[in-house]
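Chemist: Okay, here's what each chain looks like letter by letter:
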Amino acid sequence: MARLNVLLLILVIACALGVVTSQHKARKLYVELQKEKDRAQQMDVEWGQLQLEQGTLAMPARVEKIAARQLQMQMPQSSQIRYIRSGSGVVTQP
Amino acid sequence: MNYAAAIQTTGQIALPAWRSRVLFVMLLAGLAALLLRAIYLQGVNNAFLQQKGDARYGRVVDIHAHRGMITDRHGEPLAVSTPVESVWASPADVEFSMNQLLNLAKIVGMTPEALKSRLTDTSREFVYIKRQLPPEQAEKVVKLGIPGVSLQREYRRYYPGGEVTSHLIGFTDVDDNGQEGIELALQAQLGGKAGSQQVIKDRRGYVVEDVASLRAPKEGSDIALSIDSKIQSLAFREIKQAVEKHRAKGGSIVVMDAKTGEVLALANWPSYNSNNREKPGISVLRNHAVTDLFEPGSTMKPFTVAAALEEGKVKPGTVIDTAGGTFTVNGRTIHDTHPERSLTVAQVLQKSSNIGTAKIALGLKPETLWRSLNQNGFGALTGAEFPGEAAGKLRDYKKWRPIEQATMSYGNGISVNLLQLARAYTVFANGGELKPVTLLKQETPAVGVKVYSDATAQAVRDMMEAVVRPGGTAPLAQITGYRVAGKTGTAHKLENGKYVDRYVASFVGMAPASDPRLIVAVMINEPGGREYYGGLVAAPVFGSVMGASLRLLGVPNDASLDNVMQAPAEIIGEEV
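Chain order of the listed sequences is X and Z.
The working numbering puts the first residue of the first sequence at 1, with every later residue one more than the last.
The working numbering puts the first residue of the second sequence at 1001, with every later residue one more than the last.
Simulated from the structure, these hints should not be mistaken for laboratory data.
One thing to keep in mind: the hints can contain errors.
[To be verified] Only part of the chain Z face toward chain X is listed, based on derived beta-carbon distances under 7 Å:
| no. | residue |
| --- | --- |
| 1 | 1077 |
| 2 | 1084 |
| 3 | 1158 |
| 4 | 1160 |
| 5 | 1207 |
| 6 | 1209 |
| 7 | 1212 |
| 8 | 1213 |
| 9 | 1214 |
| 10 | 1230 |
| 11 | 1330 |
[Stated by the list, open to error] With a Cα cut of at most 27 Å, we get these calculated DSSO-like pairs of lysine-lysine:
| no. | chain 1 | residue 1 | chain 2 | residue 2 |
| --- | --- | --- | --- | --- |
| 12 | Z | 1193 | X | 35 |
| 13 | Z | 1116 | X | 37 |
| 14 | Z | 1218 | X | 37 |
[As the list claims (entries may be wrong)] The following label-pair restraints were derived from C-beta to C-beta distances:
| no. | chain 1 | residue 1 | chain 2 | residue 2 | range |
| --- | --- | --- | --- | --- | --- |
| 15 | X | 29 | Z | 1188 | 47 to 57 Å |
| 16 | Z | 1034 | X | 28 | 34 to 44 Å |
| 17 | Z | 1395 | X | 49 | 50 to 60 Å |
Quick reminder that beta carbons are idealized off the backbone N, C-alpha and C, glycines included.
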């Protein structure tokens, strides 16, 4: 009887220690998870900022200005336009 | 005496036995009281202490919910929330050196005196020093390491389009709630609901365990508008140029997909930059294309003609006696600037004859004309659900006098907003079907309401094509490679119930006329120069925006590339 009691006591102590360690591990993992979540959020934020930056850089008004001033591009005159009809393979000027 | 004797004899003090017993019982009673109290607190009424205990390490943290992004139809961002940092302080805890104070003041852009005065009230526990600093500057504040000064993350809205989209998108307040435009109209979808969560924090403030989620955060949803940002920027540039060129008070433009009723562009000038916190006065803030009413003038004529065609009262070739330029109804005289003895119905529209239109209208029952206008959405909200939209005024036909019926037929005595007018023209682009207007991207084409028969719509569209040919009121609206159908409008402004010599010039048209893809409506308010006719002021804006948009969308040409015919020296001005 006494032996069984000792055995059970050891078992209980072992279980208690197990609970403590697993709790500790769980918390450590949770911290890790939290860090990853923060990182994800940080990246989300950065994505938003990059998108914003891209949007600003790709504003049609800006693109047009650069095309016209820096690259010396211009809208084609109607006489300079050729239409290619699909299928016929013939270049026409309507 | 006895006492002294007792000491002397025994060397001991003999105390009465009851004293120790009393002490023993008292101690026992004290112990029992403590025991009972302990049992009571830990066993019976333990909620209070439990809560206090939890409060040592348990915390409730808020979880921010992101405000949804607004994009155009191709996914280009038009409004994006990004985090910024707000600097706050607890005045009682703040300690800084003179040097730190100067640095902090410099970063947040305040004078050191103002900053100091903000921190004098030590009874307050939370004072904002500066809201919404960019992250880089916030980092500098952290580096100063002033105790009692901390950062709080907040979110701020940025609009890459700035003044180009400001009227349409609107803006949010400092707490990211919509205040104007789409931001306000769709606040319910865009705005997220912050959640909260119960966690356990360790000594250093790190979250170590997630106990329970009290309220799950609800992220705001992203919204795709029907706007095409390229067309939007084009429309904005052109309306701005036109307003400046004609020294007008303002101008608005609406570009609409003729098939679906989706608004592809909506712009006004003067505009403002919605990224600035300081907002201009209400007159610049208003989205004039939607919130302002004007008398449309001749742009209403196609609806009168269509109603008469639908009733079978006239045919495009029917000759109307235009009475040589003057026509009197109820004692009031209607004029035409280009007097003619007679015109066909098609010519009435082409030359924008008021007398012709009035006579056509007077041949109709008031109810017929009213129903035609009403079914085209005049006098009612468009359903675009833009905040502050003005419904316009279409008076009850039972109260019309003949002169009112006559003037209404050419757009006087009725008020509309530009979006409403553009939408009404979808009936001519879709075989008589009025499309619902929307600012949101549609996946499936919306079903409209049939107002006119196919034949009527086609006939009116053909007549409107003549408007832009030489001999019409708007040859400047012609576009290389595309057939155009449209109608000019020039109306006196109404001030305090009287018509004054200031004008609203407008043009509404569609192209390619063979199978309309786009509708563009232009309105210029009070052109200040000598030119004020819709055909001179508004039609060129239509021409350049429509032409460029069609090319941008890759719409196939329906005319040869030398289709633009030289305008005659004098463009036919319409009666106003």
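Chemist: Give a verdict on every hint.
Modeler: Taking the hints in turn, this is what the structure says about them:
1. 1077: Holds. Min distance 5 Å.
2. 1084: At about 10 Å, which exceeds the 7 Å cut-off, the nearest Cβ of chain X leaves the hint on residue 1084/Z violated.
3. 1158: OK, holds: residue 1158/Z within 7 Å of chain X, min 5 Å.
4. 1160: It holds, given that the least Cβ distance between residue 1160/Z and chain X is near 3 Å, below 7 Å.
5. 1207: This hint holds: residue 1207/Z lies near chain X, its Cβ roughly 6 Å from the closest one there, short of 7 Å.
6. 1209: 6 Å, holds
7. 1212: Hint violated; residue 1212/Z Cβ to chain X Cβ min 14 Å, cut 7 Å.
8. 1213: The hint is violated - residue 1213/Z has no Cβ within 7 Å of chain X, the shortest such distance being about 14 Å.
9. 1214: Interface hint status for residue 1214/Z: violated (17 Å vs cutoff 7 Å).
10. 1230: Where the cut-off is 7 Å and the nearest Cβ of chain X is about 5 Å from residue 1230/Z, the hint holds.
11. 1330: Given a least distance of 51 Å, the restraint on residue 1330/Z is violated.
12. 1193/Z / 35/X: Between residue 1193/Z and residue 35/X the Cα gap is close to 23 Å, so the pair holds against 27 Å.
13. 1116/Z / 37/X: Judged against 27 Å, a Cα distance of about 38 Å means the pair is violated.
14. 1218/Z / 37/X: 17 Å, holds
15. 29/X / 1188/Z: 47 to 57 Å: The hinted range 47 to 57 Å is violated for residue 29/X and residue 1188/Z, with Cβ atoms some 38 Å apart.
16. 1034/Z / 28/X: 34 to 44 Å: Check passed, 40 Å falls within 34 to 44 Å.
17. 1395/Z / 49/X: 50 to 60 Å: 53 Å, holds
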